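Novice: The lines below spell out each chain.
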Amino acid sequence: MAKYIKMILVLSIIALTSGLVLGGLNEITYETAQNNILKFKKIPAVTSIYESIKGTIPQENRIKVESELLTERKEVNVGEESPLLVFVIKKDDKPYAVAFEKFGGGFGGDLGVMVGYKLDSGDIAAIGITTMSETPGLGTLVKEKSFLSQFTGLSKDTKIMIKKDDGDIDAVTGATVSSRAVTQAIRRTKALYDKHQGTIKTEINQ
Amino acid sequence: MDEYFTLIIGAIFINNILLAKFLGCCPFLGVSKKMDTAVGMGAAVVFVLTLAGIFSWLISRYLLVPYKIEYLQTLAFILVIATLVQFVELFLRKSIPVLYKSLGIFLPLITTNCAVLGVAIINIQEKFTLLTAIIFSAASAVGFGLALVLFAGVRERFEICHIPKPLEGTGIGLVTAGLLALSFFAFKGMV
Amino acid sequence: MNNLLKEFTKGLWKEIPPFRLVLGLCPVLAVTTTMENGLGMGLSATFVLVCSNVLVSLFRNIIPNEVRAACYIVIIATFVVCVEMITKSYFFQLSESLGLFIPLIVVNCIILGRAEAFARKNTVIYSLADGLGMGLGFTASLTFLGAFREILGAGKITLLFGDTVFLAEPFNFIQQAPGAFMALGLILGLMNLFGRSA
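Residue numbers (the numbering used here), protein chains in the order written: chain A, 1 to 206; chain B, 1001 to 1191; chain C, 2001 to 2198.
These aren't lab readings, by the way, just hints derived from the structure by calculation. Just so we're clear, the structure is a prediction, and the values are computed from it rather than from any experiment. Be aware that one or more of the hints could be misleading.
[What the hints assert, rightly or not] Here are the in silico distance ranges between beta carbons for each label pair:
(1) C:2193 to B:1188: 30 to 40 angstroms
(2) A:75 to B:1101: 55 to 65 angstroms
(3) A:40 to C:2065: 45 to 55 angstroms
(4) C:2097 to A:4: 39 to 49 angstroms
(5) B:1188 to A:63: 32 to 42 angstroms
(6) C:2064 to B:1096: 25 to 35 angstroms
(7) B:1153 to A:39: 45 to 55 angstroms
For each residue, glycine too, the CB sits at the ideal point set by N, CA and C.
Okay, chain A solo, but in the shape it has when bound:
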């Protein structure tokens, strides 16, 4: 009997200590880890949208712009599982465009697209790719300016599908799936924006 008690006791104490240690470490590192995801995975795309609107940012101002975008972000409740992360791009100190991210089904998994919408017109300001696992040299070309620039200032009445599917978007040659994924992601942002722009606008004016 004593043998079994010892087994259970030792195992439980070890498990408990482990849980406490990990819980504590999580408390300390959670913030930094989350910020890393934002810093490395989402902000670069927002920065490229910013650049499409305002022109190239000189190197010395880059960090300032990025930290501004980071601190100006808002979490808006749009009825999804988790609140939507919305980045605010300012012009002359007033909110000019909002950017948020949606995913499309790419060749090697989810393809993330950050889309910026002009607050006044509802047109697309610009887009940026966040994460993707596409074929190097083919699908990855959707990250190039040659593909992305067609979305800068795109009117909201454009048919956001590739020309092959009867839309107005030029796909990357040989990367139909990846190009489609980008348009799919953009359409998802559009649906969300059309539905919730009131809520988003209220959030950021507060």
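Starting from the known structure of chain A, fit chains B and C onto it as the hints suggest.
Specialist: Relative to chain A, chains B and C alone:
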């Protein structure tokens, strides 16, 4: 239906868990010397991996996420796998003792098989639904078994051919595995 | 002192994982696409190995035999999760490149193997030496293999401080899956060749 088919073909051939993703190498080199042990191990892995995939998915969905303890994923999953293997051992010993005997030491070894933990984590990373996770786990395990059996077939031939001394044993095993992986590489263009 | 040194150095050549001590193969093949990845993985695994060896040795007389596997697993997994959290916070790029293989350290046969074969039968200081030696040997192997595959595969090595170009025409195959197996096998063969004549 189409996407499940693609998933299965992908998991078995194109992204073969062992030859393309490198998960499950340790037993690969240790167990594949004879055909019957390879087949036995393959079957055991299919069984355990699929079950592990299901249970770890459920634990993630109903325990880790609701209580916001996703960071405990690795710990929780490995415990699930270890416990599962224990139970499978006990179950086989009671109900199919012949199978238990033939698998011998390989059954507990499945606990440390990177493929099992790896697939469990991939199921969560790729945000699969339960059904997709089950199919992916089973298909991956079949891919593992396939690679194992093919490898054992080749390795049995080594007994009767001349191998340079430095390469004997593990060395030639690895080079052969490389050639096998190369042949599976050809599947990349399939989908 | 001599004995201690012996336990430390055996992991650096005579029983170097994964070449001589054929354990922990999975990360070796997957992670050694670049030298930096190999180094990062090696150091992470060494950290877990040393910590786990020390704790297992510390508790060797307390942990009952019947539950030792479960206890070891919990101890090892705890340190692995620590590594996961620390890399995600302070070494983000590394955690992205190593990806799945950081949590897979928990099933790295080397760590469980050393706990079972050495740490539970030896004192703390010896277990520390053993863990450190094996860990550093493993790191050296990973870094070397990573450098080998990166130089041949991409024609250059990217260190923390800039690129160095070696080859003009990269032999890309080596950085892919089949190349990993072959590179490891051939290096093992070479090691055996020189090991015997030495």
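Novice: What hint numbers does the structure not satisfy?
Specialist: none
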